[in-house]
Amino acid sequence: LLAGGAATLPLIVPGRVLGRDGGVAPSNRIALGGIGIGPRGKMVLETMLAEKDLHYRATCDVQARLRIEWVQRAEELYGKGACTAYRDFRELLARPDLDAVLIATGDRWHAVASMYAARAGKDVYCEKPCGITIGLCQSLSDTMRATGRVLQAGTQRRNVPNFQFAVHLARSGKLGRLHTLHASIYKLQVLHDWLPAEPEPDPEVIDWNMWLGPAPWRPYNKAYVVDRRWRGYYDFDSGAKLHDWGAHTVDLCQWAGNFDDTTPTVYEPDGDTIYARYANGVKLVMRPTGWIGQPAQSNNANFAVGATGTCPVRFEGDAGWVETGDNGSIELHPASLRQEWRAFVMRGTDPARHTREFLDCVKSRGTPAANHRVMRHTHIACHAAAIAWQLGRKVTFDPTTEMFTGDEAANRMRTRAVREPWIA
Amino acid sequence: MTKSLLVGFALGVAAVFAAGDAVKTRELLAQLKPEAPLAERARACQQLAIVGTSEAVPALAELLSDTHLGHYAREALEAMALPEADAALRTALGRLQGVQLVGAINSLGVRGDAAAVPALVKLADGAEASAASAALVALARIGTQAALDKVQTALSDGRRDAAADAVVTAADRLLARGQTAEAARLFEAVRASGATGQARLSAIRGVILARGASGVPLLLENLRSPDAALHDLALRAMRELAGADATAALVAELPRVSPALQPQVLAALVDRGGAGVLAAVEGQATSSNAAMRHAALDALGRIGAPSSVPLLLRALAEEGDAAATARRSLVQLTAPGTDAALLRALGAASADTQLKLVAVLGDRGAATAASELLRLAREPRAEIRRAALRALAGAAGPGELPALIRLALEQRDDAERTLADRAIHAAAMKILEPERRVDPLLTALRQAPSPSDRVALLRPLGAVVRALGGSAAAAAAVRAAAQSSDATEREAAVKCLADWPDASPAVDLMALVRASVEPVRNLAFAGAVRMAANVAAGRDRTPLDALALLTEANALVASDAERMMVVSALGSLRRIESLGMLEPYLQLDAVKTEAALAVVQIAPALLGGANAMAVRSTLEKIAATERDPDVRARAADLLRPGAAPKKAGKKKQ
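Chains as they are written, first to last, in this note's numbering: chain S, 1 to 424; chain D, 1 to 653.
Certain hints may be false.
Looking from chain S toward chain D, a few residues come up when the C-beta cut is under 8 Å (computed) [unchecked claim]: (1) MET48; (2) ALA50; (3) LYS52; (4) LEU77; (5) ASP142; (6) ARG145.
In silico contact screen, one side only, chain S against chain D (beta carbon under 10 Å); selected entries [said to hold, decoys possible]: (7) VAL285; (8) THR289; (9) GLY290.
Just so you know, the hints here were simulated from the structure itself, not pulled from any lab data. From the three backbone atoms N, C-alpha and C, an ideal C-beta is built for every residue, glycine too.
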């Protein structure tokens, strides 16, 4: 273990640590631990570190470089000895003084680490996708329900106003009877090759076995770890990359259509597009192209960038439609729908901040927007679509049993054995 | 191999197989031979997981003890809905050791193999701790009576904590299926076992929920506990335990819990909803407990009724946190009649409260308040005037535009004029048809009696045009103003054109560059070059010959600042002519680095063409002489064979 001593330190404890200067007294702060805080985790964690009622007390990574980096960052904020580093997250979870964890490892670890955290009594903010198979998403959801811990999936667009507005239009009937929901996705891809074997590094520097964790063994290559070139691999990524954006956009479609407790029942791939349908006939179209303002020859062929930016969604009803994306702009019809802009409050907690909502729920024991139930159905819908695409044919799915109907091959793809000794 | 094996494979066997595909299984078994590369054998296992028949089971079972392939083989066996796979995993329990034994136990648990219970019971009693723990988890997952009996027995021996987790998981599944009596029995067993940590908390929660209405006393007992973990679980259970009787009991409990916990209990009641909750919340809106009052005032924004408005108004009239919370809630409140109640309150409010009420009406977008806000915007008191102008941006609609425009033209104070402009912009943007949004301002512009009025109108007009992305009708009016005999009007119009959101005025601006003097000439120059740069970069699709415009601008530059503008724009124009214009600037100290950067930006598009030699020659000069190390390095990179950087989108999460 790296015990977090290699940092430069301020000699004076900042006043805010003591609860002065408008700060929050240590006893009222949420003690947070971070697991696998790379570039994406950094974006999330920094929003949490900006909150006065949070103390980042422990960090865990299989890479020594990141352990040192986050101990230093915490010591900049709170003073020497404020944060301890771990290589094995189970040691971090064993600390009784931690309230919650942020899990931002690669996809392969999300579900298993989250379940271990919940069983250790921690609330969990877990980056999406929260599980790389249907089975893992079910187990994670069950574990969160049984333990009563808070789970916020990292599908932060549930707490972004333009997306909330579009969902409001759909859910409030302003678009009329909904008939089609559109979710942007990456161009789908599954990789199976192994990069050339390289000598395994000292586990104190990079712990390859722990990096693999519940994923199948393969020989070490630093590109997986250092360059984060694990995306798209069947063993490490979720659902043929469909979750990369689908976890957000399918989630928004599920929300818009009031489908948080169910999934589509039919999925049919056609090239890079997957057409799905809910039991009530509403269609869900997952597609990488064809968005308003998206050039026919995009600079980036992997995902959509249209007039509303990246990650667009579109909801269509018989009285109107709305399309929005990451740049916050909203395209809609009829124009009168724009007058609805301020007339909505989707949830009681602050809708502007996904992480803030998580921290509030850690305190209140309330239910965040991207809770385990929401995560379960959104993620399963994405997985079912990805399985249809991988099989190259139509599949039917029973949202009640969460099984494919009369389809042995598809059902076999619902789960994958977790590598020993990990238990899901 | 970067293509999907699964896709290619599945497309080849499009039929739905009941228990795998025999032909493909034999092909894959051939790939499992020891002489095959490890990666190929691993992939074969993963494909057998999807299509393998019982014929594959023996070979997979043989691999279970393999250091590297054992897990792959188990991945296949765990997935196969075949009794042979269960049998193979059960048999393997006798010969596997260490983590591989744990793996096989886990797989049997995932498969719910009831026939494995006797073997797992034996393993649960074994000396090897990790296998024993895994066996308890697997038994709980299998969930037969015999399996659960064993796990319950373990609650009372040295493996209590491992067993407690397993029993909780099993009990919660029963609870989710509605088997509440059985679930309650298991949860009670964990609770009685003295289990600690999360398992104990999960068990208490489970007992409360499984008991239904009878769980209320236990919920209340934990809510009253000084132990934070216990009252936290009770707060969670408050949101989960169904029933009107439970709601009534929890509402009644509110005043009895500790003052420190009351706000959280109130929040849980609000999440829970139901009869009596609103009254309880309103009852706390005047609480002397500041945190409680804050929670109540905050909750009223979500669930408040008309009866809540006076309570919120009372808090709004105060100072400090309560007023701020009440203000937020009044903005959120959707109860009918709220706007009217706020307007009534406005007349009788103190000066300070009036300011707050005006802000609330604005943030609510209270259209019915617009006429009153217009009146207040002419009040003698500056504070209320400004508050009203701010609020009009939210409350005023298209119908108020003529009045707002008159108001703006009356303003003599810069700050208030800006506020009035913002209100005009906001109201204009509420016109449903985008092409009509400039109309009220254009009408006013035509009717304006003086150049100073027209100058005042050009500011909000420009803002609306920028929000719209352009407007032909507005462009014509502003071009006319740019020909005014009044110098201030001319300057305001050219400034408006120079900030135009598309390049449609670019040619007119260049004409003004040729025909005018400062300040009009400089404004026009900057605007025209910016527009050409946007067109060259593909950000603006307005038809414009950017090369011709920049060539002319380059000939008319009058200062280093203008040279910098032109050089920067040429960095977006991927034409060999750009290189010709940039080369002289590589020698000019004031702009040489910017020019080098521009060359580096356009070079990748030119290196593959007929002028590659000339481009390389310029890059070599930059790589050898440029002061900025980054620009120098980029030039050197481009000179490496095949090293032109690819353009890539930025990945988001």
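Hint check:
| no. | hint | verdict |
| --- | --- | --- |
| 1 | MET48 | violated, 15 Å |
| 2 | ALA50 | violated, 18 Å |
| 3 | LYS52 | violated, 15 Å |
| 4 | LEU77 | violated, 24 Å |
| 5 | ASP142 | holds, 7 Å |
| 6 | ARG145 | holds, 6 Å |
| 7 | VAL285 | violated, 20 Å |
| 8 | THR289 | violated, 14 Å |
| 9 | GLY290 | violated, 17 Å |
When the structure is compared with the earlier hints, violations turn up for hints 1, 2, 3, 4, 7, 8, 9 and for no others.
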